[in-house]
Amino acid sequence: MTPDDTTASETSCAGFAPAVGTLASTTIHTDDVDLVAARTTITTQGKDMPAYMARPAGQREPLPIVLVIQEIFGVHEHIRDLCRRLAKQGYLAIAPELYFRQGDPTAFDDVPTLFQQLVSKVPDSQVMADLDHTAHWAGRHGGDSRRLAVTGFCWGGRIAWLYAAHNPQLKAAAAWYGKLVGDKTLTTPRHPVEAASELTAPVLGLYGGQDNSIPQDTIDAMRQALSAAGATAEIMVYPNAGHAFNADYRASYHAPSAIDGWRRMLAWFDQYGVK
11 MTPDDTTASE
21 TSCAGFAPAV
31 GTLASTTIHT
41 DDVDLVAART
51 TITTQGKDMP
61 AYMARPAGQR
71 EPLPIVLVIQ
81 EIFGVHEHIR
91 DLCRRLAKQG
101 YLAIAPELYF
111 RQGDPTAFDD
121 VPTLFQQLVS
131 KVPDSQVMAD
141 LDHTAHWAGR
151 HGGDSRRLAV
161 TGFCWGGRIA
171 WLYAAHNPQL
181 KAAAAWYGKL
191 VGDKTLTTPR
201 HPVEAASELT
211 APVLGLYGGQ
221 DNSIPQDTID
231 AMRQALSAAG
241 ATAEIMVYPN
251 AGHAFNADYR
261 ASYHAPSAID
271 GWRRMLAWFD
281 QYGVK
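The sequence shown begins at 11 in my numbering and counts up one residue at a time.
No wet-lab data here; the hints were simulated from the structure. Be aware that one or more of the hints could be misleading.
In the DSSO-like style, the derived pairs of lysine-lysine whose C-alpha atoms are separated by at most 30 Å in a straight line are [to be verified]: (1) Lys189 with Lys57; (2) Lys181 with Lys57; (3) Lys57 with Lys194; (4) Lys189 with Lys131; (5) Lys189 with Lys285; (6) Lys131 with Lys57; (7) Lys181 with Lys194; (8) Lys131 with Lys285; (9) Lys194 with Lys131.
Okay, the calculated beta carbon distance ranges per label pair [as the list claims (entries may be wrong)]: (10) Asp154 with Arg274: 18 to 24 Å; (11) Gly113 with Gln281: 35 to 41 Å; (12) Ser223 with Thr32: 18 to 24 Å; (13) Ser207 with Asp114: 34 to 40 Å; (14) Thr195 with Asp114: 20 to 26 Å; (15) Pro122 with Gln220: 35 to 41 Å; (16) Ala139 with Thr242: 23 to 29 Å; (17) Ser207 with Asp227: 28 to 34 Å; (18) Glu244 with Pro72: 25 to 31 Å; (19) Gln127 with Asp154: 35 to 41 Å; (20) Pro266 with Glu208: 30 to 36 Å.
It should be emphasised that the depicted structure is a prediction, and the values quoted were computed from it without experimental measurement. Ideal placement from N, C-alpha and C gives every residue a C-beta, glycine not left out.
Turn these sequences into a full structure, and let the hints guide you.
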């Protein structure tokens with residue numbers, strides 16, 4: 011079973027980050043029929059940031075916007091496919107390449123080296139500003155800035171929580187298996203558990219009960235912080251899913267959890283006035 015308007019099949023590695031390794035047979039490809047889907051650039055902090063955008067074709071009314079925040083692997087084919095899936099649901103979905111100043115994630119063949127030599131060097135403050143510019147760009151290119159959401163996966167899941175505490179114009183957020191606690195560094199001075207009291211948008215957290223990289227006690231700590239802050243948030247833990255359970259191109263994919271999570275995300279956006 012796969013999301014609407016998609017097919018799952020054996021797929022070549024073209025368009026996927028080399029650090030991903032072998033693709034799973036469950037890899038989903040979403041077509042661009044009735045969509046406008048293309049690479050673009052966004053001017054941010056004096057630089058031209060690459061991005062991928064997908065939206066329904068032929069619609070004149072401003073569209074609800076979803077900022078799609080990349081996994082550790084960058085804006086590779088899976089993230090572009092997620093943008094197309096959202097566009098099929100009537101959104102203007104845009105995924106900015108948030109590492110672009112520090113380097114190219116497709117230059118790395120393994121995850122530890124990718125993280126150490128590239129991802130760990132990307133400051134949260136830079137990411138927040140680049141997402142602000144992305145939201146502004148989308149509002150000037152067919153999107154409705156009053157109906158702005160964000161979703162992020164893995165590395166981007168953590169960023170989605172932080173962005174919900176950063177941009178007061180945000181209507182809703184969905185964070186997929188993003189880390190909630192961690193060491194404080196110059197590039198990552200705080201984590202979602204510290205930002206819980208500052209959330210200005212409702213956040214849906216989607217996590218796997220078998221995720222060894224995000225222990226249950228850290229999820230419990232986040233729930234306590236959210237409750238103490240009176241924040242509008244919900245964390246769903248899928249007991250049979252591990253990390254990256256929505257990543258259909260990897261062995262970690264857990265279809266029942268991924269499908270339910272996707273539906274919950276769309277309902278969350280509807281509930282809080284994004285669409």
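Now the hints, each set against the structure:
A C-alpha spacing of about 29 Å is found between lysine 189 and lysine 57, which places the hinted pair at or below 30 Å, so the restraint holds. Of the pairs offered as hints, the one joining lysine 181 and lysine 57 holds, with about 27 Å between alpha carbons and a cut-off of 30 Å not exceeded. Of the supplied pair hints, the one linking lysine 57 and lysine 194 holds, its CA atoms being roughly 27 Å apart against a limit of 30 Å. For the hint pairing lysine 189 with lysine 131, the CA-to-CA distance comes to about 17 Å; that is within 30 Å, so the pair holds.
Pair hint lysine 189 plus lysine 285 holds up; C-alpha atoms about 27 Å apart against a cutoff of 30 Å. Simply put, lysine 131 and lysine 57 have alpha-carbon atoms about 18 Å apart, close enough for the 30 Å limit, and the pair holds. About 28 Å separates the Cα atoms of lysine 181 and lysine 194, which keeps this hinted pair within 30 Å; it holds. Restraint check: the Cα-Cα separation between lysine 131 and lysine 285 comes to about 35 Å, which exceeds 30 Å; the hinted pair is violated.
As the CA atoms of lysine 194 and lysine 131 are separated by approximately 13 Å, the hinted pair is consistent with the 30 Å bound. For aspartate 154 paired with arginine 274, a C-beta distance near 23 Å keeps the hint of 18 to 24 Å intact. Against the hinted window of 35 to 41 Å, the Cβ-Cβ separation of glycine 113 and glutamine 281 comes to about 38 Å, which satisfies the hint. For serine 223 and threonine 32, the hinted distance range of 18 to 24 Å is satisfied, since their beta carbons lie about 20 Å from each other.
Range check, serine 207 to aspartate 114: about 36 Å between beta-carbon atoms, so the 34 to 40 Å window is met. Distance hint check: the CB atoms of threonine 195 and aspartate 114 are about 22 Å apart, consistent with the given range 20 to 26 Å. Between proline 122 and glutamine 220, the C-beta spacing of about 21 Å breaks the proposed range 35 to 41 Å. Separated by about 25 Å at the C-beta atoms, alanine 139 and threonine 242 satisfy the suggested range of 23 to 29 Å.
The given range of 28 to 34 Å is broken by serine 207 and aspartate 227, whose C-beta atoms sit roughly 20 Å from each other. Evaluation of the 25 to 31 Å hint for glutamate 244 and proline 72 yields a pass: the beta carbon distance comes to about 28 Å. The given range of 35 to 41 Å is respected by glutamine 127 and aspartate 154, whose C-beta atoms sit roughly 39 Å from each other. The hint said 30 to 36 Å for the Cβ distance between proline 266 and glutamate 208, and at roughly 34 Å that hint holds.
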